[in-house]
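Peer 1: Sequence:
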Amino acid sequence: MSNSPIENTSSSIAPSTTAKPLSHISLAAFAPKTTSGKILNFFAPILDRLLGIKKLNNLYREQQFSGLGKQDFSEQLLAALEVSILSTDKILKKIPKTGKCIVVCNHPYGMVEGVIIANILTNYRSDTKVMANIALQVFTEINDYFIFANPLKPQTAINSTAIKQCYRHVENDGLLVIFPAGRVSFYQNEHKIITDGHWNRLAVNIATKTQAPILPIFISGTNSVLFHRLGRVYYRFRLLMLAREMFKLQNHQITLSANNLITPKHLQVFSNSDMKNKLLRLQCYLNDQQYFQPWPKDDAKTAISPVAEKTDSKLIKSELEKLPEKQHLLTFKNYAVYYGYQRQIPSCVKEIARLRELTFRDLDEGSGEPYDTDKFDATYMHLFIFDHDKNQITGAYRIGQTDILQKQGGLAQLYLSQMFNFNNDFINQQQPCLEMGRSFIIASEQKSYHSLLLLWQGIGAYVGQNPRYRTFYGTVSLSKQYDPRSVAIMEQIMVKASAGVTAKTAFTGRLHPEVTQFIEQNTIKLKELSVIINAIEEDGKDIPVLLKQYHKLGANFHCMAIDTNFNQTPGLLLSVHFPSTPKKLLKLYLGDNMAEYLAYKE
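Everything in the sequence shown is counted per this note's numbering, starting at 79 for the first residue and increasing by one.
Treat the hints as calculated values from the structure; they're not laboratory data. Be careful, since some hints might not be right.
Said to hold, decoys possible - Pairs of lysine-lysine residues, derived as DSBU-like cross-links and limited to a Cα-Cα distance of at most 30 Å, are as follows:
#1 Lys619 x Lys375
#2 Lys178 x Lys356
#3 Lys356 x Lys574
#4 Lys603 x Lys665
#5 Lys525 x Lys558
#6 Lys168 x Lys605
#7 Lys662 x Lys605
#8 Lys356 x Lys172
#9 Lys287 x Lys168
#10 Lys178 x Lys231
#11 Lys392 x Lys411
#12 Lys662 x Lys574
#13 Lys626 x Lys558
#14 Lys326 x Lys132
#15 Lys468 x Lys388
#16 Lys558 x Lys428
#17 Lys485 x Lys400
#18 Lys375 x Lys453
#19 Lys404 x Lys662
#20 Lys411 x Lys388
#21 Lys679 x Lys662
#22 Lys626 x Lys661
#23 Lys171 x Lys343
#24 Lys582 x Lys375
#25 Lys619 x Lys662
#26 Lys172 x Lys558
#27 Lys411 x Lys428
#28 Lys525 x Lys603
#29 Lys603 x Lys662
#30 Lys605 x Lys574
#31 Lys400 x Lys453
#32 Lys326 x Lys133
#33 Lys582 x Lys626
#34 Lys242 x Lys178
#35 Lys525 x Lys395
As the list claims (entries may be wrong) - Across the chosen pairs, the derived CB separations fall in these ranges:
#36 Glu249 x Gln346: 17 to 25 Å
#37 Gln367 x Lys133: 26 to 34 Å
#38 Lys388 x Lys287: 52 to 60 Å
#39 Ser162 x Ser526: 45 to 53 Å
We put the beta carbon where it would ideally sit given N, CA and C, even for glycine.
Build out the structure end to end from the sequences listed, making use of the hints.
Peer 2: Take a look at the structure:
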């Protein structure tokens, strides 16, 4: 890594205790050559003592900071303040080693975070520049870190120059750091929390123009209670107290945390710069550990049993041959879709239960038993795909016919009654419905679109035979491989509280008030939700494919609950009124039966 000219000088000449200090740390350093400047210069010694600036100057002299290179200066300053920084390695892994990139951060302290970020990122990339408040000009030794601006006077010439420098630096493949608030975080009366003020859109504008990725970083902590109390009396008190606040950080740990790098492709999903800017702020504050609630640890389990051996395909084929013709719903190439009941196809259901266990274990949802099965396998219908070339089942749905099941024993016959309290006005009490659940597609087929399509064409063929079923309902399982924040966001955005149903065991994910406010104030499209989840998930995974599928069908999302019978997995309850599905999809799933199905009257 190349050193700056200052660093080259400091490596060969030891700082002198007798030489005149390089930096003039006093309010007098900012005094303009005017009458008011002369007054400030006169009172500077008193104000320096009162505001903690003299103490900072004493530290500068005692620690012999004068003339140090920028990296040595910043490291010794943090050491003298006894500030330790955590999780830097995790942050650096998310930043490209070369090429254009922007980092945006919240502004909890006002001074020290600029030095922290500059030092850490310069160690990683020597081309780092930080857009910073001109107040940091007082430290001449570290001026090379910064592109200076004056957030208190937006129209001043220095800001126009700074913006041009920022654009140029990123365009030249540099790493740029911006604190979009421009000012230190403060107490927000509206939400009763301490956060940044308004974020300007400079980072988004530069990223859009230069096609640079952006990493939002959250810096933990905040200034003292006194700082925020005085700031509520008069906002300029916050600026005056910044130097004094630095000395309250002694023996303080500051954690840096971030989700994933946000690419230009991600930003393009959002329609305007305001929404793009909100995405950055959202991803920043999602990392506030005060609001992070990890999944509860699973209770100690007995040893997981091996998944059962594959069922003899000859037995399966024999059962399929005996099914009535109407239960062979469709054929596509080597694939066929069937439905049946356990009493008709015991070997098929046995293999379905084995494959469910195999598939669900990959999502940390397996039962741990050789088969994923329960009493409902005996009473529910099984709709599945069979590959005649490979002699194997490749995917299935377990479907409950609510009108038939409830005649056999009421709500207790419905699997989802274990998760939800259904009142008399919920749809499964008002009309014949199909309760959809336990769906899977085997791993080797999951990247293929045709498997899910075949299942839904099979469902379309079934309701074509049984047009009394106008509504489907069920849950989308949100695997615990998802970050709890992702699940909480999906719940907040997708669920519109519905009468007639409540969770027996509610999901209790927490979200930062900033995130809640974002969701309340904006209409979030599904593509935008995908970007939000992509940015949170460490492996970059998207929202569940089934959630997208149901959304395309026009689903209503009613409630979230924990499935205590399915490894404590969160499930998102939804319903689809099939006749209201977009005609293009209805035609795809129902084929020539569409007109007859739509014309059906009870």
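Peer 1: Each hint needs a verdict: does it hold in this structure or not?
Peer 2: Going through the hints against the structure:
1. Lys619 x Lys375: Holds: Lys619 and Lys375 sit about 22 Å apart, inside 30 Å.
2. Lys178 x Lys356: holds, 21 Å
3. Lys356 x Lys574: Holds, at roughly 22 Å.
4. Lys603 x Lys665: Given that 30 Å is the threshold and the Cα spacing comes to 25 Å, the pair holds.
5. Lys525 x Lys558: holds, 21 Å
6. Lys168 x Lys605: This hinted pair holds, its Cα atoms lying about 27 Å apart.
7. Lys662 x Lys605: The given pair, whose Cα atoms are some 20 Å apart, holds under the 30 Å limit.
8. Lys356 x Lys172: Holds, because 20 Å separates the two Cα atoms, which is no more than 30 Å.
9. Lys287 x Lys168: The hint holds at about 28 Å.
10. Lys178 x Lys231: Within the cut-off at roughly 28 Å; holds.
11. Lys392 x Lys411: holds, 20 Å
12. Lys662 x Lys574: Cα-Cα ~26 Å, so holds.
13. Lys626 x Lys558: holds, 18 Å
14. Lys326 x Lys132: Cα-Cα ~15 Å, so holds.
15. Lys468 x Lys388: holds, 13 Å
16. Lys558 x Lys428: It holds: about 26 Å lies between the C-alpha atoms, which stays within 30 Å.
17. Lys485 x Lys400: holds, 28 Å
18. Lys375 x Lys453: OK: Lys375 and Lys453 at ~27 Å, within 30 Å.
19. Lys404 x Lys662: It holds: about 25 Å lies between the C-alpha atoms, which stays within 30 Å.
20. Lys411 x Lys388: holds, 24 Å
21. Lys679 x Lys662: holds, 22 Å
22. Lys626 x Lys661: Cα-Cα ~17 Å, so holds.
23. Lys171 x Lys343: holds, 20 Å
24. Lys582 x Lys375: Holds - the C-alpha atoms of Lys375 and Lys582 are around 20 Å apart, at most 30 Å.
25. Lys619 x Lys662: Distance ~28 Å between Lys619 and Lys662 Cα, so the pair holds.
26. Lys172 x Lys558: holds, 23 Å
27. Lys411 x Lys428: holds, 25 Å
28. Lys525 x Lys603: Holds. Lys525 to Lys603 sits at ~24 Å (cutoff 30 Å).
29. Lys603 x Lys662: holds, 21 Å
30. Lys605 x Lys574: holds, 18 Å
31. Lys400 x Lys453: holds, 24 Å
32. Lys326 x Lys133: Holds: Lys326 and Lys133 sit about 12 Å apart, inside 30 Å.
33. Lys582 x Lys626: holds, 25 Å
34. Lys242 x Lys178: holds, 15 Å
35. Lys525 x Lys395: holds, 26 Å
36. Glu249 x Gln346: 17 to 25 Å: holds, 19 Å
37. Gln367 x Lys133: 26 to 34 Å: holds, 31 Å
38. Lys388 x Lys287: 52 to 60 Å: holds, 57 Å
39. Ser162 x Ser526: 45 to 53 Å: holds, 50 Å
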